[in-house]
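Engineer: Work out the full structure: start from the sequences and follow the hints.
Residue-level listing of the chains:
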Amino acid sequence: MEFLLHRYRNQTVLLAAILAQLALLAYQVKSDGEVRLIRVWAIGAVTPLARVIEAARSSTVHFFRDYFVLLDVREDNQRLKTDLDHVRMENQFLRSELSTADRARALALFQQQSQSKTIAAHVIGNTTAVSAKVVIIDRGTGSGVQKGMAVITPDGIVGKVTGAYPTASYVLLITDPSFAAGVLSQKHRVHGTLKGQGYGTVLIDYVQSEQKVEPGEWFYTSGDDRIFPKGLPVGEVSVVRPGKAYQQIFVTPSGMRNGLEEVLVVVEGVHGPIPENPPGFQPVHMQDPPPAEADAESSALPGAPSVTQVTPARSGPQATDADKMVDRYRQIGEAERRVYGQSGGGAPNFNINLPPASPVTAAPPASPSRPSPSPSAKRP
Amino acid sequence: MPTVPNHDHLAQENRPDAARRLSQDDTRFALGRIAGFQYLTVAVFLFLLTGFWVLQVRDGETNSQLAERNRIKTVPVLAPRGKILDRDGRVIVDNQAAFSLMLARENLKDEHIDGIAAGLNLDAAEIRARIKRFASRPKYVPVLVKQDLTPADIAFVESHRDADTYPEMELVRNQQRLYPRTGLAAHTIGYVGEVSEPELNSAEFAKYSQGDIVGKAGLERQYNDLLIGIDGQRRVVVDSSGREREVLESTEATPGNSLHLTLDLDLQAVAELALEGKRGAVVALDPRTGEVLSMVSRPAFDPNAFAGHITAEYWKQLTSGNDNPMLNRAIQAQFAPGSTFKPIMALAGLETGTIEDHDTFHCPGGATFFGRYFKCWQKKGHGTVNLHHSIVQSCDVFFYNLGNKLGIDEIARYAEMAGIGKKTGIDLPGEAEGLMPSTKWKLRTQRQKWYAGETISVAIGQGAVTVTPLQLASAIGGVVSGGVWYKPHLVKTAAAAEPRRAEFRPENVASIVSGMYGVVNEGGTGAGARIEGVEFSGKTGSAQRVSNDLRKSGLLDKDQTSDNGWFIGFAPRQNPEIVVAVLLEGGEHGALAAPVARDVIKSYFDKKIRVTQQTTLQPPLALLHPPGR
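Protein sequences, first through last, are from chains A and B. Using our numbering, the letters of the first sequence map in sequence onto residues 560 to 939. Using our numbering, the letters of the second sequence map in sequence onto residues 2 to 630.
Rather than coming from a laboratory, the hints here were simulated on the basis of the structure. Just so it is clear, CB atoms sit at the ideal spot from N, CA and C, and this is done for glycine as well. There may be inaccurate statements among the hints.
Stated by the list, open to error - Simulated restraints on C-beta separations:
(1) B/L47 / A/A663: 42 to 48 Å
(2) B/D111 / A/G802: 35 to 41 Å
(3) A/P801 / B/K110: 38 to 44 Å
Structural biologist: Written out as structure tokens, the structure reads:
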């Protein structure tokens with residue numbers, strides 16, 4: 560058989576093809592299909608390849624088309640960016656000019672209003688050290704600047720001149736750890752010493768625990784340091800904490816809050832008063848109070864202050880037991896309506912009911928809650 | 002036959018060239034290496050130069066500051082003085098935090114002194130003189146320039162002690178004396194101050210050094226060695242602003258010992274208030290122990306003003322005028338005791354047998370002795386009076402007669418026995434002796450004989466006899482205690498010193514006490530001092546300060562010529578617990594001084610009631626804390 564197939568191979572193939580054709584024709588006739596089967600086969604065989612080719616073509620076409628389109632967009636983008644940068648720079652420049660003009664106007668106004676003689680200077684650089692807060696200004700000994708002079712802005716103090724050269728000066732800022740200045744609180748007139756901390760806020764030192772300082776209160780220069788004239792704003796109290804020996808009072812300096820480009824060097828300081836109100840304070844208009852009613856009625860109102868005079872505590876915090884004892888016996892004399900050492904009226908009763916003055920180790924005073932003994936009845 | 006090329010020949014021919022080329026290559030290579038090395042060297046030097054420029058030029062100031070910031074300093078740690086407490090442990094003198102300025106001599110520049118002086122309102126010459134005085138001491142010992150710095154001073158120091166301005170300024174925190182601001186017991190307590198040059202040359206202060214704070218007066222001086230602490234020191238690394246970076250070595254300060262006084266703040270406060278606005282003194286003693294319960298001298302001064310540097314203005318105020326507030330009148334004012342001397346006269350009369358208790362003298366308002374008429378204070382006279390009534394009514398004529406009979410030396414014997422004319426030995430510096438005249442005394446001091454007429458004045462506490470309030474309190478306290486005199490003292494001691502004793506007949510002492518009781522309780526001259534329920538006894542006294550002639554001359558104003566008012570009182574009548582002497586300079590009459598003693602005595606007994614009630618009402622500890630709980 561194998562021999563026959565090999566020997567009549569052409570005939571065999573032809574025969575097989577004819578038979579297959581016949582079978583397919585029979586299948587097509589029987590299935591009533593409109594599309595010829597060969598076409599179906601052809602399409603079925605070609606479509607995947609065509610799809611791949613089309614995809615490749617399409618991708619290529621799109622790629623090139625997009626590339627050229629993107630090339631334009633990028634150029635447009637670059638152009639727009641450049642334009643925007645120009646506009647921004649112009650805007651910044653205008654803003655800067657405006658700000659400079661404002662500051663210059665503020666400086667000029669401050670210089671006019673201030674009794675101290677000042678000269679304006681530009682900040683032209685700062686030092687490289689991390690912790691040191693030193694800036695360089697464009698005024699030096701040639702302009703009358705001397706070492707130790709105060710440097711301020713209309714908003715407050717900035718620092719002091721630590722080195723003056725012919726055309727420039729070094730200014731130690733108030734935030735530098737080695738900076739210190741005398742200050743005074745606006746509301747309670749508490750004296751202290753400002754110390755730089757190396758960062759944004761400054762510390763007010765040497766304020767004793769019993770002295771009253773509130774957050775939001777303003778500090779001004781006291782003039783004690785012989786650097787700054789009295790009455791210049793220093794800053795607003797941000798934190799008040801009790802300390803070991805002294806309170807920890809942190810103040811946000813006001814002198815540099817609008818940047819530090821133009822400053823004033825105080826060449827001749829004139830001490831001024833501490834303002835009644837903090838900077839930027841706008842008083843609220845208040846109508847006059849209604850006419851007072853009768854005293855009895857007003858005192859009967861809830862919350863009305865008592866008319867009884869309260870004897871102020873005379874023993875201050877810096878007092879010994881001796882002072883408290885004198886105060887106590889003075890109160891006894893007042894309560895008994897006696898003047899010590901005067902004849903007439905007899906001696907006072909020293910065991911009357913008064914609040915205890917101080918703890919007594921061996922002989923504590925009579926308890927205020929206990930009725931005072933009658934001297935005549937219980938005296939030995 | 003082909004020719005074979007002779008390579009050896011060629012090699013021989015090319016060898017010099019090759020060698021030359023090789024040599025040239027080596028030279029080039031070496032030259033290249035040298036050039037490379039040179040470039041490298043230049044680069045290294047450029048690098049170093051750049052670094053040098055960065056360090057010295059660009060960051061020169063910053064680096065200079067950094068170098069300056071790290072320095073070693075010796076900081077003294079000043080020891081606080083001991084506290085001064087009253088007998089109940091209440092604080093009379095405390096310490097408070099203060100700041101002092103010191104100048105470090107290690108880096109002191111003379112040209113800075115003027116600026117520092119100007120900033121602190123000091124005299125530059127004085128600072129230089131002070132620095133000069135420290136020349137013999139080690140360089141690391143700083144010079145104390147100003148104590149008790151004000152907030153303004155601190156602000157100046159803090160803002161100028163940076164490396165660029167006055168780095169020699171050192172702010173030292175120390176403990177400063179806090180005295181009663183009312184001047185309470187100012188003379189007794191005294192004050193402290195920096196040891197002076199003359200003091201350093203004295204034996205008392207020889208062990209101290211320049212700049213040391215020592216007691217200058219009162220108990221502060223008397224017990225200086227006890228109160229003063231031992232200073233420590235710290236060697237620290239500080240930055241340019243003086244902040245400590247590292248402690249290398251530390252020796253802690255040893256605080257001084259506290260001083261427990263015998264003073265009672267209750268009595269002291271009352272006595273101070275009773276003398277307010279007056280010139281005089283009050284001394285209250287416990288005659289059973291000699292403990293001083295109260296000691297007041299007015300007008301007083303504020304010792305706090307001395308704790309730092311006293312201002313010239315305040316010093317001028319203290320030293321000008323007639324008030325002399327620096328004088329401790331309790332131990333330094335020596336005045337004639339007036340009629341408060343009469344109990345001692347009575348004792349001398351009774352003990353010597355010169356008079357008996359019932360003996361009488363007639364007082365018509367005066368008497369003539371040795372050709373001179375001596376008036377009694379009662380112009381109309383007291384009539385016939387015995388010893389009791391003579392004390393109650395303070396009849397001068399009775400005591401003129403008694404003095405005349407006794408004679409000055411007998412009077413002096415008993416007065417000196419009581420302690421008149423001698424220092425009591427109280428533990429305070431500067432006590433005055435007073436004076437008890439006698440024939441020997443006059444001969445010794447004036448080379449003159451004593452005239453009997455002089456005795457008449459002494460008999461009523463006038464003439465040459467003078468006492469201090471403390472002496473009077475001690476003397477009378479001992480007499481009414483039966484002749485036992487404890488040395489007055491202000492600091493509590495574990496055991497009282499052995500007292501001086503005298504053998505007096507108890508009935509004689511009782512007679513004197515009875516008379517003094519009558520002064521207050523039987524309508525005598527001290528009736529205004531009577532205290533309901535307290536057996537308070539006493540004796541008034543009025544003593545001339547100037548002669549009648551000088552008074553009439555009008556050369557002195559009334560303030561200077563008015564009589565001194567005295568009162569000496571004690572309670573209770575038997576076994577007295579407290580004796581009070583009061584002096585009112587220019588107080589006119591002893592009756593005006595008596596209410597001062599009355600208030601002090603009353604406060605003493607009122608306090609006893611309080612203490613008793615506290616003890617009674619306080620439940621036993623066992624009830625408060627039962628066992629097992």
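Engineer: State for each hint whether it applies.
Structural biologist: Each hint tested on the structure:
no.: 1; hint: B/L47 / A/A663: 42 to 48 Å; in the structure: 44 Å, holds
no.: 2; hint: B/D111 / A/G802: 35 to 41 Å; in the structure: 38 Å, holds
no.: 3; hint: A/P801 / B/K110: 38 to 44 Å; in the structure: 40 Å, holds
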